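First to last, the protein sequences are chains E and U.
So the first sequence is residues 1 to 116, counted in my numbering.
So the second sequence is residues 1001 to 1111, counted in my numbering.
It is worth saying that the hints were derived from the structure and are not from the lab.
Computed from a prediction, not measured in an experiment: that's the story for all the values here.
One should not assume that every hint holds.
Listing some non-contacts, in silico: residues in chain U with all C-beta distances to chain E over 10 Å [what the hints assert, rightly or not]: (1) Ser1018; (2) Val1107; (3) Phe1110.
Here are the simulated DMTMM-like cross-link-like pairs (lysine to aspartate or glutamate), alpha carbons at most 25 Å apart as the crow flies [claimed, not checked]: (4) Lys1037/U to Asp1084/U; (5) Lys1069/U to Glu104/E; (6) Lys42/E to Glu1002/U; (7) Lys57/E to Glu1002/U.
In this text, a Cβ means the ideal position worked out from N, Cα and C, and glycines have one as well.
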Amino acid sequence: GALVYQYPRRTICKSGTSMRMECQAVGFQATSVAWYRQSPQKTFELIALSTVNSAIKYEQNFTQEKFPISHPNLSFSSMTVLNAYLEDRGLYLCGANSGTANTEVFFGKGTRLTVV
Amino acid sequence: GEQVEQLPSSLIVQEGASVLINCSYTDSASVYFPWYKQEPGKRLQFIIDIRSNMERKQNQRLTLLFDKKTKHLSLHITATQPGDSAIYFCSARNYAQGLTFGLGTRVSVFP
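Build the full structure now, drawing on both the sequences and the hints.
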């Protein structure tokens, strides 16, 4: 079956430092990978959508300078949170799918970021 | 961009009762509408989806209705069980975007 492995599951970083999270797709080709953030008591916000062989599209309030994303092949993507501060804490999810926009999205278990 | 409104924000029901969750979206270009269930410490779980060329989809105790004209979806869960307690999210996607999620509905089912 199709699975997405995401790691680390939890991480704590000091304010002003950076941390990287990764996603591995197994059993399907991750043509598109989207990264989301769920801040405490909130819904999932789309950070950016990466499609292989296309430019990465960032949503309003999120920038490449703050959340650089790599999507080098059909099975792997990573995102870094640069200069993390308290407002960056939350659960970060990657969601990947193959094919078109109306195909099922497979999610990793998420990376919970705590900033101290 | 797309906006998804989801109501109610929370529901408390007794085991065996039914639950209805409503969602509306704004972008007529959205074509795919998956729903997810979030339980503490677990992976976001896909439960059902519908595409814009469909009006109804059923998966066991879940029935999802879609009205393209009014841009409205509703999820009906019948014969609820304590294991159905979770936060449920509707979402919408068009060809150029990732998923836009509603704010979630916290469902609590008591025995």
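Would you mind confirming whether the straight-line C-alpha gap from Lys1069/U to Glu104/E stays at or under 25 Å? 23 Å, holds
Has the given pair, Lys1037/U with Asp1084/U, been kept, meaning a C-alpha gap of at most 25 Å? Answer holds: Lys1037/U to Asp1084/U is near 9 Å, not above 25 Å.
Need the status of pair Lys57/E, Glu1002/U: alpha-carbon distance at most 25 Å? 15 Å, holds
Take a quick look at whether Lys42/E and Glu1002/U sit within 25 Å of each other, Cα to Cα. 17 Å, holds
Just double-check Ser1018/U for me: nearest Cβ-Cβ distance to chain E has to come out over 10 Å. 24 Å, holds
Checking the smallest CB distance to chain E, is Phe1110/U really beyond 10 Å? Correct as stated: the minimum Cβ-Cβ distance to chain E is 22 Å, above 10 Å.
Beyond 10 Å from each Cβ of chain E, as asserted for Val1107/U: 15 Å, holds
In terms of the numbered hints stated before, the structure departs from none.
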